[in-house]
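Going down the list, the protein sequences come from chains A and B. Each residue of the first sequence is one higher than the one before, counting from 220 in my numbering. Each residue of the second sequence is one higher than the one before, counting from 66 in my numbering.
Hints listed in this document are in silico derivations from the structure and should not be mistaken for laboratory results. Hints are not guaranteed to be accurate.
[What the hints assert, rightly or not] Derived DMTMM-like pairs (lysine to aspartate or glutamate); straight-line CA-CA distance at most 20 Å:
id	chain 1	residue 1	chain 2	residue 2
1	A	K290	B	D113
2	B	K73	B	D154
3	A	K246	B	D154
4	B	K73	B	E153
5	B	K70	B	E153
6	A	K290	B	E118
7	A	K246	A	E257
8	A	K290	A	E279
9	B	K112	A	E282
10	A	K316	A	E257
11	A	K246	B	E153
[Said to hold, decoys possible] Okay, the calculated bits of chain B under chain A, using three or more residues with CB under 8 Å as the criterion:
id	stretch
12	85-96
13	99-110
14	122-136
15	154-161
16	177-185
[As the list claims (entries may be wrong)] What follows is a list of derived Cβ distance ranges for each label pair:
id	chain 1	residue 1	chain 2	residue 2	range
17	A	G272	B	I163	21 to 29 Å
18	B	A107	A	G346	19 to 27 Å
19	A	F322	B	G122	37 to 45 Å
20	A	E282	B	P111	19 to 27 Å
21	B	E76	A	L265	21 to 29 Å
22	B	I109	A	I239	42 to 50 Å
23	A	E282	B	A178	17 to 25 Å
24	B	Y117	A	L245	44 to 52 Å
25	B	T174	A	G280	20 to 28 Å
26	A	L238	B	A121	50 to 58 Å
27	A	P326	B	T174	39 to 47 Å
28	A	I341	B	M114	17 to 25 Å
Source: prediction; values computed, not measured. Where is the CB? At the ideal position from N, CA and C, for every residue including glycine.
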Amino acid sequence: MNTPNTSPSPEVTRTYRRLIPNTWWLKQRSTILFMIREWSSVFVALYAICLLGQLWALSEGPERYNALLAKSLSGGSLLLHLVMGAFVLYHMVTWFKISGRIFGSGPLSPGAVTAVNYVVWIAASIGVFYWIF
Amino acid sequence: MCLIKFIKSLEPLWWSLFGLGGAIAAFLFPAHILIQGVLIPAGILPKDMLQYENFAGLLSSPIVRIYFLALIVFPLYHAAHRIRMTLEDLRIGWLNAILPLLCYGGATTISIAAVVVILRLS
Chain A
220 MNTPNTSPSP
230 EVTRTYRRLI
240 PNTWWLKQRS
250 TILFMIREWS
260 SVFVALYAIC
270 LLGQLWALSE
280 GPERYNALLA
290 KSLSGGSLLL
300 HLVMGAFVLY
310 HMVTWFKISG
320 RIFGSGPLSP
330 GAVTAVNYVV
340 WIAASIGVFY
350 WIF
Chain B
66 MCLIKFIKSL
76 EPLWWSLFGL
86 GGAIAAFLFP
96 AHILIQGVLI
106 PAGILPKDML
116 QYENFAGLLS
126 SPIVRIYFLA
136 LIVFPLYHAA
146 HRIRMTLEDL
156 RIGWLNAILP
166 LLCYGGATTI
176 SIAAVVVILR
186 LS
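Chain B extracted, bound-state conformation:
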C-alpha cells in the first residue's frame, strides 16, 4: 500500500507524461501507421523502405534511435494514465486500489524493455 501511495503522490509526473505522450501520439502516430502499416502492405509504397538493410541503416543514427524511443515510451504513459482514469470512472471496486501500480508499472516495464532494445541497436 505504501508503494501505491508513493505512485499516487507522483500525480504531476503522470500528468506531464500523459500530455507529452498524447501529443506525440496525435502528431506522429497517424503518419507512421499510414506509411508502415497501410501504404507499404497495400503495395502503394515500395517495400524497400522497410527492408532490413534500410531500416537498420536508419536506426544506426542515434537521433533516430532516440526518436523511436520517445515514440514508444511517452505514448505508453499516456495510455497508462488514461486507462487508469477510465477504469476508475467505471468503478471496478477491487481493481481500483491497485490500478496505479498496474498501469504505470506496466508502462515502466515496457519502457525499460524499449531502452534495452534501443541499447542493443547501438
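Bound conformation, chain A alone:
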C-alpha cells in the first residue's frame, strides 16, 4: 500500500522538456534574419583567415606572395570578396543597430548612437584607405 510520504518514482519527477525542432528559426522572418546575422560571423572569420594567409605569404618571401597576389586578383577571388563583403556589411548594419539599442538612453537616443557609429565608420574607412594603402 502506498503511503503519502513515499518518494515519487523518477518518471514522475523527471523534468518536462519541450521538443523544439532545430528548424524553429525558419518559421518567422525575424528569426531567419537573426540566423543570417549570426552566420555572418562565419564570413567575418573567413576574411580574418584570408588576411592571415596574405601575411603568411608575405612572410614566406616575394615568390609565394606574388603567387597569392595573382590568385587574389582573379575573378573568383573578386566574387568571394563580394560575398564576404555583403555578409560583413550585414554584420555592420546589425551591429550598429544593436549598439543604439544598448547604449541609447537619456539625451542620446538609440538612433543618435547608431548615427554616431556610421560617422565613426566613415572616418575609420577613410583612415584605412589613407593610412594603410
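Assemble the complex: chain A is given as a structure, and chain B must be docked to it using the hints.
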C-alpha cells in the same frame, strides 16, 4: 570535461572578445574588403598598393603589424562566440558538449598562428 568546464567559466572573457571583435569587424572590415578584395582586383585602384615591396614596407612598421594582428585575432573570437551560441540554439545534441572547446580552441589556434606569422615579419 574538466577543460570544457574551465572554458565555460571564462564566459566574461569570451563576451569581451566577442564585443571587441564585432566592433573591429564592423568598423574596419568593410574598407579592407572593398579596397583589397574588390576595387584593386576590379582595376579601379592600382595594383601597386599590394605589390610585395609596398606591402612588405607597410608591414615593416610595428604599429601596422599590431594593427593587422588585432584585425585577425579579435574578429576570430567574435566569430567563435557567435558560432558557438548559434549552434547551441540549433540544438545539435552531441555537439553541444564540446562546442566551447571547438570554437574557442579553433580561434586560439589560429590566433597563435597569427602571432607566429607577425613575429616572422618582424
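Inset, instruction - Check each numbered hint against the structure and report the violated ones by number, ascending. - result: Those not satisfied: there are none.
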